[in-house]
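Visitor: From first to last, the protein sequence lines stand for chains A and B. Numbered by our numbering, the letters in the first sequence go through residues 1 to 99 in order. Numbered by our numbering, the letters in the second sequence go through residues 100 to 263 in order.
Among the hints, erroneous ones may be present.
Below, a sample of chain A positions facing chain B; criterion: calculated Cβ distance under 8 Å [to be verified]: (1) G20; (2) L29; (3) V46; (4) A47; (5) R86.
Footprint (simulated), chain A over chain B, 3 or more residues, beta carbon under 8 Å [to be verified]: (6) 107-118; (7) 121-128; (8) 132-146; (9) 152-160; (10) 165-171; (11) 196-206; (12) 229-240.
Okay, derived cross-link-like pairs now, DSS-like style, lysine-lysine, Cα gap no bigger than 25 Å in a straight line [said to hold, decoys possible]: (13) A:K98 with A:K25; (14) A:K98 with B:K262; (15) B:K217 with A:K25.
Since the hints were made in silico from the structure, they are not lab data. The beta carbon of each residue, even a glycine, is placed where N, CA and C say it ideally should be.
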Amino acid sequence: MLVNQFLFLAALLFCIGVYGVIARKNAVLVLMSIELILNAVNLNFVAFALRNGNADGHTFALYIIAIAAAEVGVGLGLVLLIFRNRRTISLDDLSEMKG
Amino acid sequence: MVAQNIGFAIIAIVMVVGALRVVTTTNVVHAALWLVVVLAGAAAQYILLAAEFVAVTQVLVYIGAVMVLFLFGTMLTRSRIGRDSGLNNSYAKLGIPVAVVLFAAMSLALADSFGTEKLPTDGEIVTTQQVSDQIFGPYLLPFWALSFVLLAAVIGAIVLARKD
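Required output: the full structure, derived from the provided sequences and hints.
Guide: As structure tokens, then:
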């Protein structure tokens, strides 16, 4: 197995996630795209852990999984609050902070 | 060696197709279910990379907990269960050149840096014991910070979502 095959897969997933963040309007779908990006980073960490033969990559992959769980919890809490106040989760309609 | 590459290719194709469906489907619930495919594929790749503890954690946390959160989020925000044409921005097409250029830049950098370097096949396999030694040894401070972040996130999510 090449190092690059995993890194290319991760890069592809990352770019698909970036496209999702740009293209999507629904807040829940934007959060899903962010999960794609975080998973791509995790794949890189684990691939490099095997390449370098130490456990640092695994440790940080686990930390990222925990951070992603916290992020989704708070993110969906925010989305829920926005929905309750505004009856919409379309990110285009939340433009009050536009100068 | 060959078997590993075939396994990698199959899982990678499934993951990429799933990821593309996540960002293009017109149904929020379908997007969540395609995301399960991608996350399960990532867990399989971790097993291929000899990271069984990370793989099991991925299945437990992502597929078990995060997906349930997403499905509840979809349900509670009353996104249309079913086809919905209003999921994309009007400038959604702009994302395609951005993603393509980003991937081209990353590909050039990766091909330049690693070329055809192979993963070691006879090296030391990282054991779960080593991972725990790392977490509770040199990386204890980030672990504490992480515990605090999780606590704050749980409290914050309850405070935000509570009806009062």
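Visitor: Confirm or reject each hint.
Guide: Structure-based check of all given hints:
no., hint, verdict
1, G20, "4 Å, holds"
2, L29, "6 Å, holds"
3, V46, "5 Å, holds"
4, A47, "6 Å, holds"
5, R86, "11 Å, violated"
6, 107-118, "holds (count 5)"
7, 121-128, "holds (count 3)"
8, 132-146, "holds (count 6)"
9, 152-160, "holds (count 5)"
10, 165-171, "holds (count 4)"
11, 196-206, "holds (count 7)"
12, 229-240, "holds (count 6)"
13, A:K98 with A:K25, "17 Å, holds"
14, A:K98 with B:K262, "29 Å, violated"
15, B:K217 with A:K25, "41 Å, violated"
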